[in-house]
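Visitor: Model the placement of chain W on the given structure of chain A, informed by the hints.
Listed in order, the protein sequences are those of chains A and W. Counting the first sequence from 1 gives a position; the numbering used here is that position plus 158. Counting the second sequence from 1 gives a position; the numbering used here is that position plus 158.
Read the hints as simulated data drawn from the structure, not as lab findings. A quick note: this is a predicted structure, and the numbers were derived from the prediction, not measured. Among these hints, one or two may not hold up.
Note that identical chains are pooled: a pair holds if it fits in a single copy or bridges any two copies.
Claimed, not checked - No farther apart than 30 Å at their CA atoms in a straight line, the calculated lysine-lysine pairs in the DSBU-like style are these:
hint, residue 1, residue 2
1, 493, 453
2, 179, 504
3, 504, 438
4, 438, 329
5, 438, 179
6, 329, 179
7, 329, 504
8, 179, 493
Protein chains: 2
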Amino acid sequence: MIIPVILSGGSGTRLWPLSRKAMPKQFRSLTGTNTLIQDTASRLTSLSNVDRPLVVCGAAHVNRVIDQLGVAPSILIEPAAKNTAPAVASACLAAVERDANAIVVVLPSDHVIGDVTEFARMVSLATTTAGQGYMTTFGVIPTYAATGYGYIQPGRPIAHGASRIAAFVEKPDVNTATRYLEEGFLWNAGIFVFRAADFLTELEIHAPTMFELVTTAYEGSTLTGNTRLLDSDSWNAIEPLSVDYAVMESTTRGAVLPLSCGWSDIGSWATLYDLGNADKDGNVVGGQVYLSNVKNSYVRSESKPVVVLGVHDLIIVETEDSVLVMHRDSAEDIKTVAERLPDDLK
Amino acid sequence: MIIPVILSGGSGTRLWPLSRKAMPKQFRSLTGTNTLIQDTASRLTSLSNVDRPLVVCGAAHVNRVIDQLGVAPSILIEPAAKNTAPAVASACLAAVERDANAIVVVLPSDHVIGDVTEFARMVSLATTTAGQGYMTTFGVIPTYAATGYGYIQPGRPIAHGASRIAAFVEKPDVNTATRYLEEGFLWNAGIFVFRAADFLTELEIHAPTMFELVTTAYEGSTLTGNTRLLDSDSWNAIEPLSVDYAVMESTTRGAVLPLSCGWSDIGSWATLYDLGNADKDGNVVGGQVYLSNVKNSYVRSESKPVVVLGVHDLIIVETEDSVLVMHRDSAEDIKTVAERLPDDLK
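Bound-form chain A, shown alone (with noise of 0.2 Å):
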């Protein structure tokens, strides 16, 4: 049995002001009609013995997870954000509980999958991987040097074209990633396909203090029709750490499988203008916006119109409460900005 894990735990500000503390941008449609989270969900259901999903949320996002996904999921609502490791271990206890020989396929809600084909067939492949017990990674084949991501060494070839991992690195500077993209490093997406047993079982090995926690935080757990609260006690005592730190980075089991299907992060707001369908004078524009002598800009309106009249390399974002304006290059700056917001603004 493969289960869909799709962590729903992250409120990014990067795409302030539609990304919000209240209304994550997995909830949100960016790309398409559906929200980001809903396309996750969908991403699998080509595949045969898929069961319902799991999803890991914040108590403030459980309502916003029913309404986009039906009543289909079990939730996990985690009592607080502690990064992905605790979050996918809860997602495993749950995973064994309805079958001890689960494969989870772990889905973070809010990256864009352009080839969901090619995507679906190479889960199909890391199942198999995981089935003779490799913890597989994907490795984004990257398309530019890009700093933004962290990156995979690919070791040595194991099978169906997957590698063992020689080394996790951290986001390099520039020249190091013309150097990572030369020596066929691979980006970290933080997609995982594993047996929920196995994931377990390393963490017991690598992370004993937070798999003990976990597990005591699930077993005192309340469950009301499919939505499982984790008790905050233990919950709250847990370190928070990546599923790369808790465990990839020291199991002998890892394996990372290249993948090269559209794949997007949606990391900026520079990133969905990338995504967008320029026209002649390279903007890309959403809802009632008038340009007049406008290029290679980003215009989205959500409430009310919008009119650029003689600018270039801008991202303009109009929402139901607030406005940005800023510089393309200004894409990453925006997350600061966002934080020295009032609370309201978040």
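Guide: For chain W alone, kept in the frame of chain A given last:
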């Protein structure tokens, strides 16, 4: 008796989205607490012998005039906008009914005067020359080589600092404007002081058809309380013409009085930027605005927070129903763009 004549027939879109057909800029507060028409109406209150103002406006704006000025003014409703000469002529007909020797001070309702005391002093001076039979216009002493105004060439001095008018000249190019500045030409501000009866006499001489049509429209008008609706059949037949073209350029009784009182017609958003109090980064802001690495920009929020990052020389205006983002150098182009918008946005 001095009667202020406030011209409120304009519906300029150069300050779109704040100035609209339905809500022209004279009804907005742009630089202070009061609206521009309120400031205009209170501009002469320091002078003695000033009677209630006469306001000329379109039917669509009567209620705004009453709301903003109270019930005190007499209102003349133009069935259609016909430029300034017919508006002033109808006001002069109303003025001579109050007092055959009334001196009218023609005030556009959408100008800013920085030094109201000086302005009142100059109006007082102008009423003296007007009492001697001169048709007096104010010529603003230029502060830079503006290409956005017509100019007045002063002629032979008469008295009280006033001169005959040598010539009215059209908006110049920048080289010509520089020469005008050196040669002591003055900006044509469209502010006039004359005896109402004199204006009517001169209009009858220099624009007899207009004189006849305005007289007929006035005689056929409908009076309701303080509000007089001019007869539309005659009014609609009038050829639109400015006071300058209809009378001032032809009359032998013209005079110009130099004025230096912080005058502005707020012709564009760039002007509002210039009039504002810039902070150390050269930004003029109003409303709930958050800036980061922004220079020399005008940012105005009327209804919701506006966040701006990494840009310079922009004009950003957010109103209840629209957003404008433009380069400061494009400030003159908004008029053209606004006219192409759907009717409900004009």
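Visitor: For which of the previously enumerated hints does the structure constitute a violation, in increasing order of number?
Guide: 4, 5
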